[in-house]
Structure formats: structure tokens, C-alpha cells
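**Q** Each chain, written out:
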Amino acid sequence: MAETTLAPPEVQAETLLDSNELVLNMGPQHPSTHGVLRVILKLDGETVLGTDCVIGYLHRGVEKIAENRTFQQFAPYVDRMDYVAAVSNGLGYCMAVEKLLDVEIPPRAQAVRVILTELNRLASHLLWLGTHALDIGAITPVFLCFREREEVLKIFENYCGARLTTHAFRIGGLQYETYDTFEKECLEFCDLMEQKLKEYHDLLTGNRIWVRRTKGVGILNAADCKDYGVTGPLIRAAGVEWDLRKAQPYCGYENYDFDIPTAETGDTFDRYMVRMEEMVQSCRIIRQAVDALPEGPIKGKVGKVIKPPPGEAYVSIEAPKGELGYYVVSDGSLNPYRVRVRPPSFVNLGALDKMCRGSLVADVVAIIGTIDIVLGEVDR
Amino acid sequence: MASLIKTFLLTDLLKGLWTTFKNQKPSKVVTEQYPLNRPPVAERYRGAPRLNTHPETSETLCISCNLCALACPEQLIVVTSERNPETKRKDLTTFTYDVSRCMFCGLCEDACPVDALELTQDFELATYTREGQIWDRQMLEEGPLPVRYTH
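Chains as they are written, first to last, in the working numbering: chain A, 384 to 763; chain B, 921 to 1071.
The set of hints was computed from the structure by calculation and includes no laboratory data. For every residue, glycine included, the Cβ atom is placed at its ideal position computed from N, Cα and C. One should not assume that every hint holds.
[Claimed, not checked] Below, computed lysine to aspartate or glutamate pairings styled on DMTMM-like, alpha-carbon distance capped at 20 Å:
1. A:682 x B:1030
2. B:948 x A:427
3. A:737 x A:427
4. A:684 x B:1030
5. B:935 x A:637
6. B:942 x A:574
7. B:942 x A:577
8. B:945 x A:446
9. B:942 x A:427
10. A:537 x B:952
11. B:945 x A:534
12. A:687 x B:994
13. A:537 x B:994
14. A:581 x B:932
15. B:945 x A:533
16. A:447 x B:932
17. A:687 x B:1035
18. A:687 x B:1030
19. B:945 x A:427
20. A:690 x B:1030
21. B:942 x A:582
22. A:537 x B:1042
23. A:482 x A:446
24. A:567 x B:1038
25. B:935 x A:577
26. A:687 x B:952
27. A:598 x B:932
28. B:948 x A:585
29. A:579 x B:932
30. B:935 x A:533
31. B:926 x A:533
[Claimed, not checked] Some chain B residues well away from chain A (every beta-carbon gap over 12 Å; in silico):
32. 943
33. 953
34. 965
35. 973
36. 979
37. 994
38. 1004
39. 1020
40. 1029
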């Protein structure tokens, strides 16, 4: 055994763990980490000194799977990344391949796509609101939110036959024509939603417990948002008016009249208010799209076999959680050469450490909830 | 002063509690008595696969074109056929469908040119063995036969 020499006392004091510090594992089975996220917390009493995220428990290698599937065959797999907003994922992937193919999508297909993705945004935000409130300790909202979300899922089931992993869009347009009562059900849901949003505001917005638990918690200012590449409701809550539906309109979003809700401080309460307002705006978009739903074909000029010319395409859309990008490379064969996904949850989760430092352990739960992560998308 | 009274009287909390109370409807029962009453699923629901037969002659509609097997992302369909020397057509011999690996994406159904393969509204697919999940032609034509419970 080699002779060991002790370091000088001043170095010892720096390297050894302070007796007040504690390293605590949160997750991967913690119910408030929304899945299988493991956060290693370094604590001084109740104060968080730093965090470290361990991800990958749900890694399935989706990007690699894409290389062994044809372009059409990969479409169902993208639904399994952000399974709360499967329709948005399908839209992003289909648009990327359509960009490679350079096909034009008929206006009716575009409008139906907008309606379904906005309905999906409502479903995703409802799930976020329910679970976020549940994490903080309000039990009622989760039941009310799931009741309303059920209505969206019923529309999805009637439209394409599946509730969660919808596979609603195909490359080149749509596979299914809308059903008879589709427009009526969408409008009815918008009415219901606007009525129920008032109830949510009654439950939470003025509630002193909710306000104390969220105001000033997890502040992320605009400069930090830009540094971390954070997008979606998080950057809008910090005061930056950045929404891809306005910044680079796709799918005919330029034809609809809607506002980008923003807030100032970028704390948890602001992000809550931004998402609540986004639900109102989504209802507005759905109403306009349903009212002006054009007639016509639902599929563009694509063949049975999809074989894009060699090249690459990057398409990003505004998913409920932020900028969702698909980068697809084709080498001229039936299978994509490479598919890379820019998942909003993964990038937004990077800012967790910045938001948690100096806050209390109980606030970490609130901050994870407010980022609105889906681990299927973080790990892919 | 007004806000102080509001704080003191807990109006914000009572407002929330009233919302919770308003949503209580003991008369409205939402629980479904599942094995007794099966919930209705949508017309386009993608459930158990079925290989359709002609309603009168009960011959299979499948023309053994193998397009469903090629469309499947999981490659779980195996179609075999033999050439009929009289009609010069392919006759279906076996059709195997591994339901355990199926994700019900509906691509096989879309690929079928004669509407022979279809995803139906049946959703009770549990079996006691793994092998039971691999459906042969007979099983695909008859469909799953779940137990119907009565009191």
C-alpha cells in the first residue's frame, strides 16, 4: 500500500463536504418529476445550492430507428416522443419531409392540420395545468382539466381512431376526411373551454396559496432564456414576443388573427398566466379555422412510394412546449439518411439549474412543473 | 382597507372552494361498469386486425399482394401464397399477424388495395401466452372472442 500524505488543512477544508451540505436524489420514481427524470440536488438545509439532471431512462433511440424505416413508416414513431402533443410532432415531421419533396399541401388539409394542432395545444396545456397544480398541492384542478381534456381526445378518436398516439397526418396531407359533426364538436369545445377557463381562474389565479407558491419562484429573465435556447411559454413569460406561428408562419397561420401573450418577470406565476392566455388564443384560432374551412382535396401530389431527392430540410414549428424542430437528411433512397429532432422539453430542461439555485426544495417541484417537460421527448 | 378585509375573510379561498363545490354532481355517474358494459369506441377506432371474407361465399378477399407486410413499420405481417395454375392468380395460404408488436398505426389498413385487412373496434387482446398474440389466418378472420360477463 502506498504511503498516503494528508493535504494541508486549508485544502482539506475546501475539498471536504461541508457538514451542512446534503446531496439528495429526487427521482426517477418521484411522482413530481413527471416521469423518469432524476435530479441530484445539493442542499444546504432547505436551500438548493445546485442541481444535476440525469436523463435517459426512457431512451429508445428514435432517431436511429428512423434510419431503418421508410419515410412513411417512421411517422407513427414521432408520436411517441412528446406523447402529450402527438399531433404537433406528426405535423413537424410531415412538414420536414414535405419540404424535401417540395409538394404543395391543399388548403383544406392545412386548415384541418391547424385545427387539430391547436386542439392538441389545449390538451397539452390542460394536462400541464392539472399536474402542475397537483404538484403544488391543489387537488381539484387535475380532475377538472382531465374532464375537459377528455373532450379533445374524443374528437381525436372520432377523427383518426386513436386518442393519444394519433398518427393523424400523413406525408402530403391527411389520410382521413373529417367526420360529419367535426366542425360542430370543435366549436362546442371552444365554448366549453372559454367557460371552464373562468373556473380555473377562480380556483387558482386569486388563491393566496397558489400566488405565494408561484410568484417570484424560478425566475428566468429574457437574457438567460436566449442564452439557454429556451423557447415557448418560458421565453414569452420573460417578455420576449417570440412565437414561430408569427415569426415564420407555416401551415397558413398567417391567415389567422391571434395575439402572442407575454408577461414581464418570467417567474412561475407569469408562465402560468401566459399558458392560460394561450389557451384562449388557441380557441380563437380554432374558431377562425373552422369558420373558414375550405372544401377540396386533402392530399397533395405524392406517390405511394415516397422517395425524396437527396438533400436536407429543417422545419421548426411552435409545439405546446416550445420550438420543435425536425432535421431530415435524404440520400435519395427510401429511408431517411438521418433524422435529428430538436425537442423543446430537452432544451428547456437545461435551464433547470439556473432556475433552481437559491430556491427551496419544495420550489424545485414547482419549477419542474412549470417547465412542462415530457420525458419521452427529453430522452427520445 | 378593503383588501385587508378580503384577506381576513379568506374570500379567495372560499371562491375556489365554491368552484369545487359547484362541480359536485352526485346524480351524474361517470364510472363505466367495464366488463359488464363495454364502452362504445369511435367508428374509426384502430383496434384488433381482421381479415375480411366475402359475405356470401366466405372466401377471403385477400389477393396476397404483400403490400401490408411491406407497409408495416414493425414488419410483423407474413403473407404466403401459391400460384393457382388454373386462374393464374395467387391463392392465400397463410397470413400471420403478430399483435404483440403492433402499434395500431393503421398503415397496413391504408396500404390494402382491396379492403381485406382492417383494424376493427375490438380492443380486448389479452392472452395467457405470448404465442397467443401471434394470430393466424383463422383467428384473423374470426376475430377475438372475449368472454361476455353476465350477473
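**Q** Look at each hint and say if it fits the structure.
**A** The hints, checked one at a time:
no.: 1; hint: A:682 x B:1030; result: holds, 14 Å
no.: 2; hint: B:948 x A:427; result: violated, 50 Å
no.: 3; hint: A:737 x A:427; result: holds, 17 Å
no.: 4; hint: A:684 x B:1030; result: holds, 17 Å
no.: 5; hint: B:935 x A:637; result: violated, 40 Å
no.: 6; hint: B:942 x A:574; result: holds, 19 Å
no.: 7; hint: B:942 x A:577; result: holds, 17 Å
no.: 8; hint: B:945 x A:446; result: violated, 47 Å
no.: 9; hint: B:942 x A:427; result: violated, 44 Å
no.: 10; hint: A:537 x B:952; result: holds, 16 Å
no.: 11; hint: B:945 x A:534; result: holds, 18 Å
no.: 12; hint: A:687 x B:994; result: holds, 19 Å
no.: 13; hint: A:537 x B:994; result: violated, 27 Å
no.: 14; hint: A:581 x B:932; result: holds, 14 Å
no.: 15; hint: B:945 x A:533; result: holds, 18 Å
no.: 16; hint: A:447 x B:932; result: violated, 52 Å
no.: 17; hint: A:687 x B:1035; result: holds, 16 Å
no.: 18; hint: A:687 x B:1030; result: holds, 11 Å
no.: 19; hint: B:945 x A:427; result: violated, 47 Å
no.: 20; hint: A:690 x B:1030; result: holds, 18 Å
no.: 21; hint: B:942 x A:582; result: holds, 10 Å
no.: 22; hint: A:537 x B:1042; result: holds, 17 Å
no.: 23; hint: A:482 x A:446; result: holds, 19 Å
no.: 24; hint: A:567 x B:1038; result: violated, 28 Å
no.: 25; hint: B:935 x A:577; result: holds, 18 Å
no.: 26; hint: A:687 x B:952; result: violated, 42 Å
no.: 27; hint: A:598 x B:932; result: holds, 16 Å
no.: 28; hint: B:948 x A:585; result: violated, 23 Å
no.: 29; hint: A:579 x B:932; result: holds, 18 Å
no.: 30; hint: B:935 x A:533; result: violated, 25 Å
no.: 31; hint: B:926 x A:533; result: violated, 36 Å
no.: 32; hint: 943; result: violated, 6 Å
no.: 33; hint: 953; result: holds, 18 Å
no.: 34; hint: 965; result: violated, 5 Å
no.: 35; hint: 973; result: holds, 22 Å
no.: 36; hint: 979; result: holds, 27 Å
no.: 37; hint: 994; result: violated, 9 Å
no.: 38; hint: 1004; result: holds, 26 Å
no.: 39; hint: 1020; result: holds, 16 Å
no.: 40; hint: 1029; result: violated, 9 Å
In summary, the numbered hints that this structure violates are 2, 5, 8, 9, 13, 16, 19, 24, 26, 28, 30, 31, 32, 34, 37 and 40.
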